[in-house]
Amino acid sequence: AQKITQTQPGMFVQEKEAVTLDCTYDTSDQSYGLFWYKQPSSGEMIFLIYQGSYDEQNATEGRYSLNFQKARKSANLVISASQLGDSAMYFCAMRGPFSSNTGKLIFGQGTTLQVKP
Amino acid sequence: EPEVTQTPSHQVTQMGQEVILRCVPISNHLYFYWYRQILGQKVEFLVSFYNNEISEKSEIFDDQFSVERPDGSNFTLKIRSTKLEDSAMYFCASSYNSPLHFGNGTRLTVT
Chain A
1 AQKITQTQPG
11 MFVQEKEAVT
21 LDCTYDTSDQ
31 SYGLFWYKQP
41 SSGEMIFLIY
51 QGSYDEQNAT
61 EGRYSLNFQK
71 ARKSANLVIS
81 ASQLGDSAMY
91 FCAMRGPFSS
101 NTGKLIFGQG
111 TTLQVKP
Chain B
1 EPEVTQTPSH
11 QVTQMGQEVI
21 LRCVPISNHL
31 YFYWYRQILG
41 QKVEFLVSFY
51 NNEISEKSEI
61 FDDQFSVERP
71 DGSNFTLKIR
81 STKLEDSAMY
91 FCASSYNSPL
101 HFGNGTRLTV
111 T
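Heads up: the sequence lines are chains A and B, in that order.
The first sequence maps to residues 1 to 117 in the numbering used here.
The second sequence maps to residues 1 to 111 in the numbering used here.
Chain B on its own, in the form it takes in the complex (with noise of 0.2 Å):
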């Protein structure tokens, strides 16, 4: 069965630092999501990318969050400076319809 795929499964990074958080949708589906879920807390949505671009963002989403499609496989996250609250599990997630398939997620711990 298709799978979404994420690496690195854990990234350690210093505060401050860029990181780029990577996934591979399943390759018939046209809706795809980043989620995080801090230690022990609810999922929650960060945003959604449908026909090559953003079509909802959450609050937690701001200007130091981006997300590309570079070629047409490849969907990444990447936070430009980032912070001790930003570590989290990240969730990339896809659909054709529904339901949501997710991937095992990115472990992220700034230090």
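Next comes chain A alone, as it looks inside the complex (with noise of 0.2 Å):
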């Protein structure tokens, strides 16, 4: 069964400094997505950042960057330069074998984070 862990409840982060938020993921899977999104206090859900499991690259999307470690199953973002708009709840999610025709995402708990000016 696919997991997602996010062992990070709340961080908090100076503006203008960047901050890496944990992600970790179980799966036998050996094609699968990992995603980033964010969850501003108004509630709805922004898509962030993508990985594929066979990308060699790590994903980079503006200040986003998603820290890739197949190995260690793990999928940090990164976000440089933080602002005081990045304040939210960040979720990492996880979909399944590409050959699946459901694309469910599994979600982690969440991290919030605040950034203080």
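Don't read these hints as lab results, they were simulated from the structure.
Where hints are given, some of them may not hold.
[Said to hold, decoys possible] Heads up, incomplete: computed chain A residues facing chain B, CB under 10 Å, no partners named:
{"hint": "1", "residue": "Gly33"}
{"hint": "2", "residue": "Phe35"}
{"hint": "3", "residue": "Phe47"}
{"hint": "4", "residue": "Phe68"}
{"hint": "5", "residue": "Thr102"}
Just so you know, even glycine gets a beta-carbon here, dropped at the ideal spot from N, CA and C.
With the hints as a guide, dock the two chains, each given alone in a separate frame, to form the complex.
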């Protein structure tokens, strides 16, 4: 069975500094996808970044990068130059084999990030 | 940019009543989902829908729940007889390949 673990319930970071949010996963599948979503206090789920299990390079999207360590089964999100608007809940999620016709995501418990001015 | 639209944004209902949560997925998407999030907790998968049928459902998605795509654009979640523990944020999502695009959610409060 697939499992996603986020061990940091809450994190603080000073504005303009970088922060790493941890995510580990467990799966017996060879092909899978890893995602990070941001949920601000307004409640919507905003897609940030995606990493496929066969991608050799770490994914980057603007200030977001995914530190993918396949052997360790970790997919940490790095936010560079934190901004006050980054304060939110962050969820790591995993999708199963691409051959599956469900495409469902399994989510971790989430990490609440607070950016201090 | 196209988006997933959910209505209503907030619904209050009495225990035992039926509710229908509505969603308009992104038009060229093929996969549709419902998730729920009890306040402050993790996002839980309820059901996935593909090719006009349920492709997978979780153990949460019991006989009280049903989904429909009645007209090729709307995607609905019906809860037949609501319980207090059904109070949660319900998210609809759709995808063509990846990632899933989520709606803004419907906050359901059962009193």
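Structure-based check of all given hints:
1. Gly33: holds, 6 Å
2. Phe35: Status holds, d = 6 Å.
3. Phe47: Where the cut-off is 10 Å and the nearest Cβ of chain B is about 5 Å from Phe47(A), the hint holds.
4. Phe68: Violated - the Cβ of Phe68(A) stays beyond 10 Å from chain B, reaching only about 15 Å at its closest.
5. Thr102: Result: holds, 4 Å to nearest chain B Cβ.
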